[in-house]
Amino acid sequence: MSHPPPGPFLTRREELAARRAELRENARRRRRRGVLVLLAALLLLGVVFGGGAYLVGSRFFTDDFDGPGEGDAVVRVIDGDTTGQIATMLANRGVVASREAFTEAAAEDSRILAIQPGYYQVKLKMSGTAAVAALVDPGSRVGRLEVRGGTQLDDTRSPDGTVAPGVLSLIAAASCAELDGTRTCLTADDLRQTMATADPASLGVPEWAVEDVARAEPGRRFEGLITPGLYDVAPGTSAADVWKSLLAVSVAKLESDGLTGDATHDGLTAYQLLVLSSIVEKEGITPDMPKVARVITNRLDVNQRLEMDSTVNYPLDLQALRTTAEARATAGPYNTYQNTGLPPTPIAAAGKNAIAAGLAPEPGPWTFFVRCQTDGTSCFATSLAEHQANVGRAIANGAF
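With the working numbering, letter number 72 in the sequence shown gets 111, and the count goes up by one each step, no holes.
Derived from the structure by calculation, the hints contain no laboratory data. A virtual CB, placed ideally from N, CA and C, is assigned to each residue, including glycine. Worth double-checking, as some hints may not be accurate.
Restraint ranges, calculated between C-beta atoms of paired labels, are given here [to be verified]:
#, residue 1, residue 2, range
1, Thr299, Glu217, 58 to 64 Å
2, Ser241, Pro156, 22 to 28 Å
3, Ala428, Arg367, 18 to 24 Å
4, Glu217, Arg132, 41 to 47 Å
5, Val249, Ser149, 22 to 28 Å
6, Glu425, Cys224, 19 to 25 Å
7, Arg180, Ile434, 26 to 32 Å
8, Thr379, Thr226, 47 to 53 Å
9, Thr299, Thr421, 18 to 24 Å
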């Protein structure tokens, strides 16, 4: 039997077997490469969808309205609200389609972080982006009320004929908003009627003021109870609800300033201190307020008439430094040239400094004062002769 020679020479059968083995190995390698490629592709898709799903989901699948919206609504941002809380409120009111529609749009507009508490007029069915733009637009703010120190309930006029809106007119203006083409406003008369007829305690008048307020002339009941500051008035609400909201804020400020049921000074009640402070507000600039308060208390202590021009001008709705002889001769509860003691109500909104002066007058013997400088500074005196000299100085300075 013969054998093939040694070396690299193979028979035909052996060559075929070797070829088949090589093909099988190549197939196995291709399958391994295919699995690796598939795994890599899956990993890549995982990265794309894992990292981009948020983008896809949030941008293409977030429930959102299109465009600027339709119909009008007034919403309120409460002090301390987070962006998420605002978003929830807007979604509940139907302003935006979902909470996420607003929060995602807000994340791209840093102005939302500076939004102020208050009322805003917006549309229903707004896109998240449109809702954010509306809330950061100062023109959307409604119901904003500012009361300055010395403002009284009724409008007042100056000798030159200029009219300054009073608290009632300011509240009425703040209550206005145009909703779906209809302008909703309270009037000063609406507010006055409610003030005059409603139970004071039911509207939020504090216990320490209820009796005095109930005795007051109906149209002047709430004089001085709305203190200087910023307020928010909800458009479209009733006069009673507006009074309740304003008094709640104002009374809290008054009591934080020291006017409570326990507040007394020289035998004066908290309400009488508010009356005194309102006169101080009208009569003196801030540095002089503690001395003005002392003049008032010194006169009250000896039952001397206050003789304050501001109280005489109050029922005349007149903003003037001086009074006329006719006005001083006209009888009335606010004429402190004729009556002793304090007038029955405050004569204006007293600010924090005036109240502080009323609670703690500067020690001193003064019983007279007159505005003697054009910047409003007053000169104080302990005798009529000294006071008359100060009046002469005031006239010479063009201050009186």
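**Asked** Which of the numbered hints above does this structure break?
**Response** 1, 4, 5, 6, 7, 8, 9
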